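There are 2 protein chains.
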Amino acid sequence: MAGAEDVRVLGVLASPFAMRPRIALNLKKVEYEFVVETMNPKSELLLKSNPVYKKIPVLIHNGNPVCESLVIVQYIDEVWSSSQPILPADPYDRAVARFWAAYIDDKWFPSLMGIAKAQTDADRASSTEQMLAGLQLLEEAFATCSKGKPFFGGDALGYLDIALGCYLGWVRAIGQMYAIQVLDGAKTPQLAAWAERFCADEAVKEVMPETETLVEFAKMMAARWKAAPAPAK
Amino acid sequence: MAGAEDVRVLGVLASPFAMRPRIALNLKKVEYEFVVETMNPKSELLLKSNPVYKKIPVLIHNGNPVCESLVIVQYIDEVWSSSQPILPADPYDRAVARFWAAYIDDKWFPSLMGIAKAQTDADRASSTEQMLAGLQLLEEAFATCSKGKPFFGGDALGYLDIALGCYLGWVRAIGQMYAIQVLDGAKTPQLAAWAERFCADEAVKEVMPETETLVEFAKMMAARWKAAPAPAK
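Respectively, the protein sequence lines represent chains A and B.
The first sequence begins at 1 in our numbering and counts up one residue at a time.
The second sequence begins at 1 in our numbering and counts up one residue at a time.
No lab work stands behind these hints, which were simulated from the structure alone.
None of these values were measured; they are calculated from a predicted model.
There's no promise every hint is true.
[Unchecked claim] Covered, in the sense of this in silico footprint (three residues per stretch, anywhere, with C-beta under 8 Å from a C-beta of chain A), are these stretches of chain B:
no., region
1, 55-67
2, 85-95
[Said to hold, decoys possible] So these bits of chain B aren't anywhere near chain A, every CB distance computed over 10 Å:
no., residue
3, V30
4, Q74
5, A179
6, D201
[To be verified] Distance condition first, Cα-Cα at most 30 Å in a straight line; then the derived DSBU-like pairs of lysine-lysine:
no., chain 1, residue 1, chain 2, residue 2
7, B, K55, B, K29
8, B, K54, A, K187
9, B, K147, B, K187
10, A, K54, A, K219
11, B, K48, A, K147
12, A, K117, B, K147
13, B, K219, B, K187
14, B, K54, A, K107
A virtual CB, placed ideally from N, CA and C, is assigned to each residue, including glycine.
Produce the entire structure from the sequences given, and follow the hints as far as they go.
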């Protein structure tokens, strides 16, 4: 359906944020080109397309750049509105999905990354506890949003599936590096089963990075954080 | 049009975030009850309606709570979709509006509050510089979004007008407290003129707090920040 359209995603393979537009475009069956951003130095295309943040991902649709991964996913849903919907149809369900997507980015993912960034065992334990408490909330959110169906979005992947699912590669990598059972079938059985379904979905398979690749990347980043710890927040 | 509906906004008068749903409901001509949250201690209604963040504002629509001010504004736009639209109709314009609204909350407003929170003159100067640089970006965004019309949203107030405009009371209060010309007619002429129009709009007038009230509130907060400075970010 996107024959005459020029659709490009500027990103890097290890970025969960860059996975979001790719999964959304796959769900919509829109053909796109994935342009790998070298980052060091940042490409002219990135600097020109996202002058405010200079960050990936950027969706470039017929020459028009769209920035910020969740803004991009909503844009994709609205432009290709006749294909499989990504946000729920009902306004209240949409508000609930937007609320939890923001929670995942603002609160939950920082606690997951806090495990890798921690410089002491106490900090790591504190981040782990926060991250697991957040997952418990998300387990309850899954029950509310999925209404007994396989995905947050119901019968098929939707907005919240994409928002949380893009982090599953990092969940595995950090779990492996620090011997933490992040998605525990006993504590968060619904999310654990959902994660299996999400990763097996056709729209996701080709864009989910190998855990080993992320572990390598995380080790490199951990060495960098150790050399220059992030400022306290 | 909202005769049989139960619409309540839980908030406090000085909160820019609580102004957002109120302006949106005024634009839609939806009747609502403003429930003043006492905050200390937090009400049972707040704790029950927003158990994750325990923060105002909350919109309670026929018993269903919606949290996070920009999520609420989008919800209002989608529920009362036959009245004056709040988000632009075009998907690209919507993405641009969402991008800048997030920028305003994540980057610009923290730099404005940084002026009040600063414990040293150097920190205050640095926050002032960041805030003014951000305004310059928003001046350009105004030109792009308004397309020569009076508001970000075009002929009438829209999403981005609400997102930025709700901070104008704080712009005045902080400008007065620290003798800073925030909206400078020479440097940001379009925003300065827009701010006058925004504050004079019927949907805004009754919800915009008096500058003096905010100055009093800011002085109280400044004393608190001096006693317990916020952690570095």
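Checked hints:
For the region 55-67 of chain B, the proposed coverage by chain A is satisfied: 4 residues have a C-beta within less than 8 Å of a C-beta in that chain, meeting the threshold of three. For the region 85-95 of chain B, the stated coverage by chain A holds: 4 residues have a C-beta nearer than 8 Å to a C-beta of that chain, and at least 3 were required. Even its closest Cβ contact with chain A, about 13 Å, leaves V30/B beyond 10 Å, as expected for a residue assigned away from the interface. For Q74/B, the condition that its CB be more than 10 Å from all CB atoms of chain A is violated, with the nearest at approximately 7 Å.
Every CB of chain A lies more than 10 Å from the CB of A179/B, the least distance being 29 Å, so the non-interface label holds. Listed as a non-interface residue, D201/B keeps its Cβ farther than 10 Å from every Cβ of chain A; the least gap is roughly 25 Å. The hinted pair formed by K55/B and K29/B meets the criterion: a straight-line CA distance of about 25 Å does not exceed 30 Å. Pair hint K54/B plus K187/A holds up; C-alpha atoms about 25 Å apart against a cutoff of 30 Å.
For the proposed pair K147/B and K187/B, the alpha carbon gap of about 19 Å is at most 30 Å, so the pair holds. With a C-alpha separation of about 24 Å, the suggested pair K54/A and K219/A falls inside the 30 Å cut-off, and the hint holds. The straight-line distance between the Cα atoms of K48/B and K147/A is roughly 21 Å, inside the 30 Å bound, and the hint therefore holds. Between K117/A and K147/B the alpha-carbon distance is near 44 Å, which puts this suggested pair outside the 30 Å criterion.
The hinted pair formed by K219/B and K187/B meets the criterion: a straight-line CA distance of about 28 Å does not exceed 30 Å. The hinted pair formed by K54/B and K107/A meets the criterion: a straight-line CA distance of about 14 Å does not exceed 30 Å.
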